[in-house]
Amino acid sequence: MGHTLAEKIIAAHLVDGEGNVSADNQIEVWPGDLVEVAVDVVLSNDITAPIAIREFEKLGVERVFDPARVVMVADHFAPNKDIKSAEQCACMRRFARTQNLPHYFDVGRMGIEHVLLPEQGLVAPGDVVVGADSHTCTYGALGAFATGMGSTDIGVAMATGRVWLRVPETIRIVYHDRLQPWVGGKDLILYTIGRIGVSGALYKAIEFAGPVIDSLSMAGRFTMANMAIEAGGKAGLFAVDETTCAYVDGRARRPYRVYQADDDAVYAQVVEIDVSQIEPQVAFPHLPENVRPVSQAAESNVRIDQAVIGSCTNGRLEDLRVVAKVLRGRRVHTDVRCIVIPGSQQVYLDALREGLIEVFVEAGAVVSTPTCGPCLGGHMGVLAAGERAVSTTNRNFRGRMGHPESKVYLAGPAVAAASAVAGHITGPDDPSPSPSPARRGEPEEVLQ
Amino acid sequence: MKLTGAVWKYGDNVDTDAIIPARYLNVSSPEELACHCMEDLDPGFASAVQTGDIIVAGENFGCGSSREHAPLAIKGAGVACVVARSFARIFHRNSINIGLPIVECPEVVEETEQGDQLTVNLEAGTVTNERTGRTYQTSPFPVFIMSIIRAGGLVPYTRGRLGRTLMGRI
Chain V
1 MGHTLAEKII
11 AAHLVDGEGN
21 VSADNQIEVW
31 PGDLVEVAVD
41 VVLSNDITAP
51 IAIREFEKLG
61 VERVFDPARV
71 VMVADHFAPN
81 KDIKSAEQCA
91 CMRRFARTQN
101 LPHYFDVGRM
111 GIEHVLLPEQ
121 GLVAPGDVVV
131 GADSHTCTYG
141 ALGAFATGMG
151 STDIGVAMAT
161 GRVWLRVPET
171 IRIVYHDRLQ
181 PWVGGKDLIL
191 YTIGRIGVSG
201 ALYKAIEFAG
211 PVIDSLSMAG
221 RFTMANMAIE
231 AGGKAGLFAV
241 DETTCAYVDG
251 RARRPYRVYQ
261 ADDDAVYAQV
271 VEIDVSQIEP
281 QVAFPHLPEN
291 VRPVSQAAES
301 NVRIDQAVIG
311 SCTNGRLEDL
321 RVVAKVLRGR
331 RVHTDVRCIV
341 IPGSQQVYLD
351 ALREGLIEVF
361 VEAGAVVSTP
371 TCGPCLGGHM
381 GVLAAGERAV
391 STTNRNFRGR
401 MGHPESKVYL
411 AGPAVAAASA
421 VAGHITGPDD
431 PSPSPSPARR
441 GEPEEVLQ
Chain L
1 MKLTGAVWKY
11 GDNVDTDAII
21 PARYLNVSSP
31 EELACHCMED
41 LDPGFASAVQ
51 TGDIIVAGEN
61 FGCGSSREHA
71 PLAIKGAGVA
81 CVVARSFARI
91 FHRNSINIGL
101 PIVECPEVVE
111 ETEQGDQLTV
121 NLEAGTVTNE
131 RTGRTYQTSP
141 FPVFIMSIIR
151 AGGLVPYTRG
161 RLGRTLMGRI
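Going down the list, the protein sequences come from chains V and L. Numbered according to this note's numbering, the first sequence spans residues 1 to 448. Numbered according to this note's numbering, the second sequence spans residues 1 to 170.
Some clues are possibly wrong.
Stated by the list, open to error - Quick partial rundown of chain V residues pointing at chain L, CB under 8 angstroms, derived from the structure:
id, residue
1, D82
2, Q88
3, A132
4, T160
5, K234
Said to hold, decoys possible - Where chain V lies over chain L, by a calculated footprint (3+ residues, C-beta under 8 angstroms):
id, segment
6, 8 to 17
7, 24 to 31
8, 61 to 68
9, 86 to 93
10, 146 to 160
Think of the hints as simulated: they come from the structure by calculation, not from any bench. Where a beta carbon is used, it is the ideal one built from N, C-alpha and C, also for glycine.
Please put together the full structure from these sequences, using the hints given.
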């Protein structure tokens, strides 16, 4: 019996009885095995690092296992939103300096971590990556086994370079046929979560495959892998192909190794999806599984107060190009605050050079420095009671973006931009502005 | 280890934003976090919860972010144990790592109501509902996980292992 991609990568990182690791070992692992593995990258951010550092210090270890493999990014509440956040960033900054971490990213050099690390070539195919951030699974797009953990796990991994893992079962999801216009990675993953549910991949890895995936861009793959956790997944992996290599080569700072799932790999479940009828998707409050096609969402006449475009899910250059395509020559609705957040300094600069930023500002959107801010109701776009936002982020839990009585609708960049223009949730083919209810004195109630 | 306490009952998919909203993630002490535990889901919880109480919930408890602040807030609030139909993976790890007892037991969840008294015996893997008198058997943790729990969490466990030969298979 063969092995899945996740099993292959985990086996190659096993710590043997002598405490050594060899990618050439002949050891097999199977779902359910509890194993100890060596990690290639250990990640944390300004929210999770302070606790990880506290636990690291309790271990009585002086130095991290390898400074080049410990990455820290100030992205959640940075630029600092208040004094307490400033203290947390200061704690992380002090630690990074004391430990001489070459990959510590502060304001002006940083990006949203899961946009930044691949872009900087810090994660590579075949890696085991652990991060104190649930969206660490994003790097599965590169054919890495990447998974989110808590701060204590990360504190221990910073000291030892190792973590314990339970080898997960794998669900294989195969996408067939052709995508409709405006449908991208975000729509595919929202549709998938709608199909399998928010605990559909609980404790399991997902392998994304099929002809649609073969022709999907890296940006689309990052978006899909990113939201594997929203189905409860431990990791979301893609096979390495020419698209991956074209992205990685010239970026990766280390030699990497490509692993492939065996043809006779054993899967817990295989899900086949015909994409030909999939429209752009919208996830209604308060779970990412509450998805509807955008045509149906538009019929519900959901007026919005804010549109957030960016995040580790959709903050890449390709996403911003889609937004610019919709916003060019149009204006954001007078009742909507549209906030565009490039995912990294590089994405910001590229968007600037391509003229995308000008399109956004002319349309009446604001453009922010990279930050996770609004996605988790931190800063840069917190919602008031009763407000609704359409957002390209990844979670629409109650209170996620601010007041517990606010609502978040998840969508891809095309729908978010079109909705910002229309003032209500709609698809990119018809973003005609609705009359402002404030001006007409109509009630703001929506039909849902 | 026997834990007896009154039940706080919740539904499926209690996410980490419900357990501790992100607006409070600018602090990390369990005591401070505890003041806002369950705030958006059950505003009365933090002020009324008693030391030793037990949370009983449905599927996928603790889904969402990796924030260890979630189990820290629950532990800081004095909750002795969380019993659920199932746990989100990262929350599951975090709880073990910080020494918050958690038990997966769908039958208990089915037949337990808000305010019931539960007794959880971690070693025996049993949960008893004192109101109904029914005792339920849960599947015990693997030996390796039990050794982390016995050590008091991942940090004391690792401190005990540092310097010794590390084993590939656990």
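Hey, does the A132/V contact hint survive, CB to chain L under 8 angstroms? Check passed: Cβ of A132/V comes within 6 angstroms of chain L, closer than 8 angstroms.
When the nearest CB of chain L is found for D82/V, is that gap smaller than 8 angstroms? holds (6 angstroms)
With a cut-off of 8 angstroms on the beta carbons, see whether Q88/V makes it to chain L. Since the shortest Cβ distance to chain L is 6 angstroms, the answer is holds.
Min Cβ distance, K234/V to chain L: is it shorter than 8 angstroms? Result: holds, 6 angstroms to nearest chain L Cβ.
Restraint: T160/V near chain L, CB-CB cut 8 angstroms. Satisfied or not? Status holds, d = 7 angstroms.
Mind checking, does the segment 146 to 160 of chain L have 3 or more residues with a CB under 8 angstroms from chain V? Result for this restraint: holds, n = 5.
Checking C-beta pairs, does the segment 24 to 31 of chain L have three or more residues closer than 8 angstroms to chain V? holds (count 4)
Mind checking, does the segment 86 to 93 of chain L have 3 or more residues with a CB under 8 angstroms from chain V? holds (count 5)
Closer than 8 angstroms Cβ to Cβ for three or more residues is the test here. Does the segment 8 to 17 of chain L pass it with chain V? holds (count 3)
Report holds or violated for chain V covering the segment 61 to 68 of chain L, Cβ cut-off 8 angstroms, minimum 3 residues. holds (count 6)
In terms of the numbered hints stated before, the structure departs from none.
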